[in-house]
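Peer 1: Chains as they are written, first to last, in the working numbering: chain A, 134 to 339; chain B, 1024 to 1825; chain C, 383 to 816.
To be clear, the hints were calculated from the coordinates, so they are not data collected in a lab. Just so it is clear, the structure is predicted and the values come from calculations on it, not from any experiment. Warning: the hint list may mix true and false statements.
Calculated pairs, DSS-like style, for lysine-lysine (alpha carbon to alpha carbon, straight line, at most 27 Å) [said to hold, decoys possible]: (1) B:1719 with B:1246; (2) B:1029 with C:689; (3) C:434 with B:1103; (4) B:1474 with B:1719; (5) B:1719 with B:1447; (6) C:434 with C:620; (7) C:584 with C:634; (8) C:584 with B:1425; (9) B:1109 with C:778; (10) C:778 with C:584; (11) C:778 with C:634; (12) C:778 with B:1103; (13) C:798 with B:1425; (14) C:576 with B:1109; (15) C:576 with C:778; (16) B:1429 with C:689; (17) C:798 with B:1109; (18) C:584 with C:614; (19) B:1429 with B:1511; (20) B:1429 with B:1447.
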Amino acid sequence: MSWSPETVARAERIMQRYPERRSAVMPLLYLSMLEDGYLTDDGMREVAEWTGLTPVQVKSVASFYGMFKLRYTGKYLVSVCTSISCMLRGADDVMAAVEDEAGVPHGETDDDGVIAVEHVECIGACGGAPAVQVNYELIEGITPEQARDLVRWLREEQPDKIVADDLQERFGGTRSFDWAIRETEGAVGPFPAFGPYGTVAEEDRS
Amino acid sequence: MADLVKITVDGKEIEVEAGTPVIDAAIDNGTYIPHFCHHSRLEPVGLCRMCLVELETPRGMVLTPSCTLPASEGQVIHTKTPVVDKAQEGVLEFLLINHPLDCPVCDKGGECPLQDQTLGYGPGESRFVEEKRHFEKPVPVSDLVLLDRERCILCSRCVRFAEEVAGDPLIEITARGNQAHIETFPDEPFSSYFSGNTVQICPVGALTATAYRFRARPWDLRKVESTCPHCTAGEAIEIDASQNQVLRFNGIDADATNQGWLSDKCRFGFEFIGSAERLTVPLVRDGDGFRESTWAEALDLVAERLGAVIESRGGEAVAGFGGARGTNEDAYAFSKFMRAVVGSNHIDARMDDAPAAELLAAVQPRATIGDLDTASTILLWGPDLKEEAGTLYLRVRQAVQKRGAKLVVVHPRRTGLDDRATWKFTYRPGTGFGTLEAFASGAGDFAEARKALDEGPVVAVVGLTGMTEDPTLATAVAAFAAGLPDAKILPVARRSNTFGALDMGCAPGLLPGRVSFGDADAVAAFEAAFGAVPDHAGLDTSGMLEGLANGDLAAAVLVGADPVRDVPDGALARRALEAADFVVALDLFLTDSSSLADVVLPAEGFAEKEGTFTNLEGRVSKVNRIVAGPGQTQPDWSILEEIARRMGRPMGFDSAETVAEEIATVAPAYADLRWRDVERKKPEGVLLDGGWYTPKAPAGPDVDADMVLHLARTLYDDGVAMRQSLSLHHLAPGGVAYLHPGDAERLGVTEGDQVVVVGSAGEATLPVRFDPSLPAGVVYVPFNQAGVPSLGAGAAVEVRSA
Amino acid sequence: MTTTTYPQVLTRRMTEHPADSHTLARYEATGGYQQARAAMGMTREQLVETVKESGLIGRGGAGFSAGMKWSFLAPPRPSYLVVNGDESEPGTFKDRQLLERDPHQMIEGIIIASVANEVHEAFIYIRGEYPKPARRVQHAIDEAYAAGYLGDGIFGSDYQLDVTVHLGGGAYICGEETALINSLEGRRGEPRLKPPYFPAAKGLYMLPTIVNNVETVSNLPHILEMGADAYKALGHDKDTGTFLFSVSGHVKRPGNYELPHGITWRELIFDIAGGMLDGRELKAWIPGGASAPWFVPEEHLDMPITKDDCGQAGSMLGSGAVIVMDDSTCMVKAAERVVRFFAHESCGQCTPCREGTTWMQQILARIEEGHGRAVDLDLLLDVSDNISPGLAWPPKMTTICPLGPSAVSPVTSLAKYFREEVEAHVTEGRCPLG
Ligand SMILES: Cc1cc2nc3c(=O)[nH]c(=O)nc-3n(C[C@H](O)[C@H](O)[C@H](O)COP(=O)(O)O)c2cc1C
Ligand code: SF4
Ligand code: FES
């Protein structure tokens, strides 16, 4: 159940950022998801060791938050916002299209383990509604048809890295505000792509 | 004492300590405020929102929970306004929408706060037409406790208890919002020594005890208050029984002792009472076995055989063991029986596993349990309290956790309090005197801890760290503590009423009421009451066992004593009882010891008789009867009286209360203490004074050996009460040899391998487990585990790969 | 970006330099970090006083004076600064723009706030669903460390300041400052009991802590640069400075708009946000995030947008999220969606919030599906009353935090303005809008 040396080194750096080790729980949970693809019992035990908590205390924290997945949620987690602003702009149709194309309802992962679907509450893209995230990389102004294309593309291409700006260009419409430049950093699994947690693609880690 | 403030609750002015939660202040003063999450022994969290009240503020009335509102001068609170009523009705409705209506089959039905408050404050009928939340039916959270998540109202009392009080955060709320529920981690159950408390404080039937589940309906229960029969802390308990069966113990919130808590051993260790293996008729030896007899025959036989021994060898050829498992009244009768009827001072309630009797009975300055609440530093040099004195463990833990008291732990290995200790020192058993010397001088690592002890108030909790420890080490530690500028001593020992028995004179050097043989006037007073009293101290347990084994002594009286299982050198005890000319045992069960007797007399046990216990502070509390003893059982005092009569020396008792009456008349520390005085002070009981013993420092040699043995008790073991409590018995750790990994490597063994431990009095082959908390060169073996031969009390041992 | 003529402060750099407003080079080229440098030479009193003077109100939604809050900071030190970037309330997306497009502006604000409050350790709590903003902020922090603006001895002084980005895990309630602190401590994001009312007394690790919103902190360099009076003059009366409105829903030009207070809702919705989608009429709008009671054109369209006006009209500006609904909107569905949000995001501590919000959502869903009963609207109101007694504004609470009572706003709004539409659902057994 042990972590790779790289993850251990990262965990040590993270621990140093906090005055008390318990504070590192959430970052370490992300590390653990990076290691295993989702939060396993062993992963939570490991985090418990690092932070001086009991495993059930770690689970209590992890299960409070929607993004710590205690079950396998595919290679690509497609999250469709269906909160009020997106709903007003047709999010329910987008959700239906995604579920139909992926062949699984909210909260489930397809049989191949490639795509998981969920509807989520507001993801802060209301100006570009309706919005969808793939592994938390954002696409705004998406139509039901584009959403189907997105799911098909994910299944066929199975890219190693998910980059918001790429997805936006392929499948998106109007955004909440301009991005101005194109970024290339991206996600490698169903967790937020963030350098200090090591959860960005290899080539993006600094 | 904090400042007193005046607050007004529903127009009534009351005076309370500043900072008291308003809910407690109101309830204590007769205004009930309904609540679920609030528990006065847990930190307030204000979750359930049932206790809302209106508080007058400069900006008008504010609705606020009263559990999180600290009382402050001039507060004006209203508990029964329309706004409050509406809010409380609302909370109840919210709690009920997802609560299953299975009250008829729920253990809690009939004593359920949710049920009661629904009657008192709730809406008439449900307006909830949606589907209720569903969870899989009851899941075990430990061997002893089951959880029904549908009934749970998420008050978090269990979670808070586990973390705040027990220090075992193994049960938690998981998920969020409407999906939130209580959970344990896979393969990591809530196996806390204190798990049963959560069943008691759960305000609904979500947590239930396997030992009690479905056994009774609350309205069928009869209840009586009593004192825990397992620990020396004197926990106040309520015994529930139905149809002459004891079904449950609950803790009572006695501030001085257990504050409502019990260890699981105390809570669930009631099953022995109703065990099918209880003795119900007298037994007399018949070849290798026993035959049943009448009381008359058995008593005549005992009187005749004891009389013959006394006639031929003198009273001092008779040894008396026990007294610690019964009431003070039983112990007094035993003590008087040995002195006045038999004419022997060979009597001991300690099973060769406790510090000096004077230290336990009469040390001064003696601390109370409550002194732990104000101590600035606590010195713990004695048993692992988590294993041997559960509620005391909780009290020390609380002193550190809540109040920031400093804690110094000195012990041969890890203890349950290490995670809270400010300083922890580990040493090899057998090197205690040297360690104490270094500690006292403040050398090296000891410097800071030593300094803390000079700043009072200090409470020193003193006892034996293990059974291979020289018992006089405890005296030396107590002497050190007594020499500190501002310290009191709290002596600890095992077995429910050890302190009471010693107070009653079940000790070779003490007469009832803590009278020493050195006190000529007091001894003379006993001559008057008892007739003749031998004028010198007798033998202690190991002395008596040796005497029996080598023929110096000829007969033994066992009163609730099982030396074969309880003393460190069980083999010696067996030899002693086998060698004796005559042995009579008063017991609840045929134990390893009583089965070696010539006559076994069936005794009434706990919950079947009335009397008093005395705890480790010297606090006397009542023990009460709620069921009849099985078959022909009799209380110890009465059996002893019957024998005495047949020996022509009646003691003059015709009820337990007449025994108590005599204690109040002749035993100095208990002078004028009547049952009614004790009852009146319920649930705390009466704290006695009467300490006269200032420990003096005996210096002892340290043991020098390659390997030494740490032999110590665990909460669950193979003692008779545990063996007869089916819910608990399987929780004992069993035979294990714990070794430091370094030693294991040296011996060429690893975890799971077998080693032979050769002790001073026996050897055992045991599986190895690693314990990095041990100093090098120490093997730790839990004492009294099923199937493990006794090793003896010598510290030096040999360990080799099997 | 916006097409207005109102002065831009917070969004100016990103408008004028869309390609690189997030870089240190651009930030410094446009005057960046001068104010932080200047702050190094100022006393705590001077800084707190300036911010108080500016009238800066926290932009996180609670609407409390930033300077006042700072002045509550209790000794003893250490104290902490936590920047609240958990932005999760439906309709709100302005902090995301500030984080992504001008992270140095916020970092400079962090330095100023830290110096003012003797903070040496600051955390930026960014919601987990914002990886891109978090990356941009982290890159900016790295640049600032490299330039000597963060870390040991910043700007050549002996002042040490460390800043750490902490990603949330997907829980709206962590926006509530005490829940955020619990979350940062590695706990469940459950709001703490009040009092203490401000973490300034007891916050992170039970030490004095300042929690400020991203936008609040981003304002600080500008306040120092232009001075308290000039900053005040940007705004309207008591509502000083500029304010970021996030406009979403059925308008032609949704987006973030930096505006002064005092313009009317008509100007905001019809002029600035481009008016309703083709062929549609304005039906209602939520003026200040999902927690706010709704406004309707008949009563509120020409009302000036100020904190006080909104308050008097029984709602609030909150964090500035304006959600616009046209006449195609089923109000029951809209209400259900908002209540569903709160039910989903309830931390679950308080009985009324945990049970009540879910129950309300279930009733609304049932009505929407055509299975409503005549008693349901009154039942909804009574359940609401049990969460927020008296259904008053500002709401009274039977709960620890305002999340539970927030779920009441859609229901009271329905009852106030759209009772007939609800009744039509019940009598027709379906949505009357088809
Ligand atoms: C339920 C709830 C959610 C909140 N969410 C946020 C949020 O996402 N971002 C934020 O800055 N403040 C949020 N707040 C307000 C914070 O509690 C706090 O007042 C604010 O961060 C203080 O910063 P300010 O004074 O700069 O506004 C929320 C409050 C509540 C009650
Ligand atoms: S009102 Fe809701 S979100 Fe707020 S503390 Fe209570 S349960 Fe949690
Ligand atoms: S008892 Fe006060 S909120 Fe539960």
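Peer 1: If a hint holds in the structure, say so; if it does not, say that too.
Peer 2: Now for the hints, and whether the structure bears them out:
1. Taken as a hint, the residue 1719 of chain B and residue 1246 of chain B pair is broken in the structure, with Cα atoms around 46 Å apart against an allowance of 27 Å.
2. Between residue 1029 of chain B and residue 689 of chain C the alpha-carbon distance is near 41 Å, which puts this suggested pair outside the 27 Å criterion.
3. This hinted pair does not check out: residue 434 of chain C and residue 1103 of chain B have alpha carbons roughly 43 Å apart, beyond 27 Å.
4. Between residue 1474 of chain B and residue 1719 of chain B the alpha-carbon distance is near 22 Å, which keeps this suggested pair within the 27 Å criterion.
5. With a CA separation close to 25 Å, the supplied pair residue 1719 of chain B and residue 1447 of chain B stays within the 27 Å bound.
6. Annotation: proposed proximity of residue 434 of chain C to residue 620 of chain C holds, straight-line Cα distance about 12 Å (limit 27 Å).
7. Straight-line distance between C-alpha atoms of residue 584 of chain C and residue 634 of chain C comes to about 45 Å, which puts the hinted pair past the 27 Å bound.
8. Between residue 584 of chain C and residue 1425 of chain B the CA atoms are separated by roughly 17 Å; this keeps the pair inside 27 Å, and the hint holds.
9. For the hint pairing residue 1109 of chain B with residue 778 of chain C, the CA-to-CA distance comes to about 13 Å; that is within 27 Å, so the pair holds.
10. With a CA separation close to 24 Å, the supplied pair residue 778 of chain C and residue 584 of chain C stays within the 27 Å bound.
11. With a CA separation close to 37 Å, the supplied pair residue 778 of chain C and residue 634 of chain C exceeds the 27 Å bound.
12. Taken as a hint, the residue 778 of chain C and residue 1103 of chain B pair is honoured in the structure, with Cα atoms around 18 Å apart against an allowance of 27 Å.
13. Of the pairs offered as hints, the one joining residue 798 of chain C and residue 1425 of chain B is violated, with about 50 Å between alpha carbons and a cut-off of 27 Å exceeded.
14. Under the criterion of a C-alpha separation no larger than 27 Å, the hint pairing residue 576 of chain C with residue 1109 of chain B is consistent with the structure, at around 22 Å.
15. Taking the CA atoms of residue 576 of chain C and residue 778 of chain C, the gap is about 14 Å. The hint holds against a cut of 27 Å.
16. This hinted pair does not check out: residue 1429 of chain B and residue 689 of chain C have alpha carbons roughly 53 Å apart, beyond 27 Å.
17. With a C-alpha separation of about 22 Å, the suggested pair residue 798 of chain C and residue 1109 of chain B falls inside the 27 Å cut-off, and the hint holds.
18. Between residue 584 of chain C and residue 614 of chain C the alpha-carbon distance is near 31 Å, which puts this suggested pair outside the 27 Å criterion.
19. A threshold of 27 Å between alpha carbons decides the hint, and for residue 1429 of chain B with residue 1511 of chain B the separation of about 15 Å falls inside it, so the pair holds.
20. Distance restraint check for residue 1429 of chain B and residue 1447 of chain B: the Cα-Cα separation of roughly 11 Å lies within the 27 Å cut-off, and the hinted pair is therefore satisfied.
Consistency with the previously given hints fails for numbers 1, 2, 3, 7, 11, 13, 16 and 18, ordered from lowest to highest.
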